[in-house]
Amino acid sequence: MAGRIAQHPILGCQNENKKIVTFHYDGKEMKGFEGEPIAAALKANGVMVHRYTLKQHKPRGIFCAIGRCTDCVMVVDGEPNVRTCMTPLAEGMDVRTQYGVSDKPFDQQ
Amino acid sequence: MKIERFDLIVVGAGPSGLSAAIEAAKHGMKVVVFDENARPGGQLFKQIHKFFGSKEHKAKIRGFHIGEQLLKEADDAGVKVELNATVAGLYQDREVVVRMGDEVHHFKGDAIIIATGAAENMVLFDGWTLPGVMGAGAAQTLMNLYGVKPGERILMLGSGNVGLVVSYQLLQAGCQVVALVDAAPKIGGYGVHAAKVARTGVPFYLSHTIKKAEGTDHVTGVTIAEVDNHFQFIPGTDKHFDVDTICVAVGLSPMSQLLKMAGCKMEDNPKRGGQVPIIGEYGETSVPGIFSAGDVSGIEEASSAMIEGRMSGAVAAEYLGYITKEEKEEILAKLKASLGSLREGMFAPKNRGKDIKETEEGIPISTNLLHKGYVLDSEIERFPGVTHKKGVHPVIECTQNIPCNPCQDACTRHCIKIGSHITALPAVDETADCINCGMCVASCPGQAIFLVNEDAGDRKAEITLPYEFLPLPETGMKGTALGRDGQPLCDAEVTRVRSSKAFDGTNLLTISVPAEFAMKARFFKAAAQA
Amino acid sequence: MNELSNRSRDIGEFIPQPDDDMIVCRCEEVTKGEIRKAVHEGLWTIAEIRRYLRCGMGLCQGQTCAKLVKGIVARELKVSPALLEPATSRSPMRPVEMHVFAKETEDTDL
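Protein sequence lines, in the order shown, are assigned to chains A, B and C.
Here the first sequence is numbered in the working numbering, starting from 1 and rising by one per residue.
Here the second sequence is numbered in the working numbering, starting from 110 and rising by one per residue.
Here the third sequence is numbered in the working numbering, starting from 640 and rising by one per residue.
It is worth saying that the hints were derived from the structure and are not from the lab.
Just so you know, even glycine gets a beta-carbon here, dropped at the ideal spot from N, CA and C.
Wrong hints could be hidden among the right ones.
[Stated by the list, open to error] The list that follows gives simulated cross-link-like pairs (lysine-lysine, BS3-like), each with its CA atoms no further than 27 Å apart:
(1) B:321 to C:671
(2) B:320 to C:676
(3) C:717 to B:374
[Claimed, not checked] Computed Cβ-Cβ distance ranges for the label pairs, DEER-style:
(4) C:680 to B:340: 26 to 34 Å
(5) B:339 to C:680: 26 to 34 Å
(6) A:78 to B:605: 54 to 62 Å
(7) B:148 to A:77: 18 to 26 Å
(8) C:690 to B:461: 33 to 41 Å
(9) B:338 to A:106: 39 to 47 Å
Construct the complete structure from the given sequences, taking the supplied hints into account.
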């Protein structure tokens, strides 16, 4: 997978023995490691934009990665405002870009 | 509804919270630690560099290993750590409301220790909300906890220890750091941390800051410009870099809201990083039974946070009668001495904001180090760790007074002298014989020690340097030696590569260079990379 | 009386600046211009500005912007940021869904 550190000089192979799971990002099939934050899996798959803001419709992505800034929220399994940096990835998850508080683009809302 | 009671409730399972819990539990207290994260250890598990200090502060051990030790100690002491447990409120009479799963739980502690740590500061610039702009902590989390590169080409804003350490870690993760930028005129962090980044070729731009993060949906570039004394942009100084990621490391602020909610007297103290509780020497807040420890009451290092945790744990134990006043005093006296030695030197809290021009030894500080991240060839000779003699000898490029002494302990031949005052600059004893064991090189958390043989024969010099990158060069490999400034100096050949468990992840690379570069060559790039 | 409680003090007119469109509160999308303007409209405390503009009242509860807002307000009032009382800290400290916040557990035993 692109974006992954295959071998780290200090930490070695960080994702050894982790189970690979399949999930969906805006309907597209992607792979990640079970239990890693959704945000990490998305980053490894090259996804930068997690949501578009309610007022100005501006893109946002990972900002603090520890659950404090809430910028990385997305619609996960139908539930909006899920902090993807804190939520573990599971097999079959449905992850969608959040537009305002919806998974529908603004012109369809 | 139900309330469960504990002798002590600790909020935050980072270095200070765990240390507080361990200390209290050792004295027989019933302790629970709540942490909102899925893993304990706070930020310790993201710290993959070797820590400073002396043996008692766990110096030369990597942060994540200290985290593992702390968890084991907590487990042995019978400390209960509740994860994914978010403390939502702290009320009168030390009532704690915790969200666990889909329910709210109520607890009451006879004593409470708040060890919630800190959050990253931010600065405003055009485009700062774009995806690709992130806190340095976020980058650290992605690469060191989850093995994901935060980006490919990265600009770092902030030259404090966090900015410097994370820049180095980005390089270790295989990312490219295009520049290290700070609006301040001088590098804020340890010179040794700056030097190990600079020697790989990362340029430093002090008195510069970000003008604009470019891109429509995510970062595609960044423009920085020079600022004057009033932090205003100087026209015509714009510099552009193609980057996909911008990391921001501009300091931390205590997360002290719970203490404020509980009615503790607070103050705005810029020296401590912002809103902090007004506390006694051992973390006693204005509310009896509520204590604080670690970054929440003043931004410092993890090493001091662990000692502060122990202190507040001991104070809480005496507060509830688990130990006598005398026992407490005895524990505190030891801890106080240990904390005191960490709070010495140029970067001590008491010296924040001071313009220090000389070391304790009276040697002028390298101005180039403060502005560019490396000591000039013409400056390095004035430091006591830099000497010359026949055969292999250590060259210690440690030029600021920081609390650190593992090199002294590492050398079994007593070549390296610091003395009992651990902020003193290490000096080389030329009468002692170096046996080229490499322990000093591997033990230096600042990667500032080199073993040099100025005359290895055939008009060549040999330099042994610390190397923590992949791929690890092999013996016989040819490449380029870089100077302290990260610029190519001369051809170099790897003559020896040493890796050992005792070196704890730091490889020792010996390179052969023309003799005139003995005191100049400090990094190696293999031919394909150069 | 400190500089803050002296409300007869003249802080001058609101003068538009080129970076007024810059977002300060990321969650509620409150701009620097809105905050500066509010100060000139007579909102001199963080609590007032917060209630009026909602900056710091979004999902992150001011984690990122609190210091930034304070700095902007202080500069506009020409006082030290330390003089400004930070916003009140209230439970819940982190976003909690209402259905969770209302659900008291029956068995707490850890």
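Each hint, compared with the structure:
For the hint linking residue 321 of chain B to residue 671 of chain C, the alpha-carbon distance of about 16 Å falls within 27 Å, and the restraint holds. A threshold of 27 Å between alpha carbons decides the hint, and for residue 320 of chain B with residue 676 of chain C the separation of about 23 Å falls inside it, so the pair holds. Distance hint between residue 717 of chain C and residue 374 of chain B is fulfilled; the C-alpha atoms sit about 26 Å from each other, no more than 27 Å. The hinted window of 26 to 34 Å between residue 680 of chain C and residue 340 of chain B holds, with their beta carbons roughly 27 Å apart.
Between residue 339 of chain B and residue 680 of chain C the beta carbon distance is about 28 Å. The supplied range of 26 to 34 Å therefore holds. The hint said 54 to 62 Å for the Cβ distance between residue 78 of chain A and residue 605 of chain B, and at roughly 59 Å that hint holds. Residue 148 of chain B and residue 77 of chain A have their C-beta atoms about 23 Å apart, which keeps the hinted 18 to 26 Å range intact. Judged by the Cβ atoms, the range 33 to 41 Å given for residue 690 of chain C and residue 461 of chain B holds: they are separated by roughly 35 Å.
Taking the beta carbon of each, residue 338 of chain B and residue 106 of chain A are about 45 Å apart, inside 39 to 47 Å as hinted.
Hint compliance for this structure: no hint is broken.
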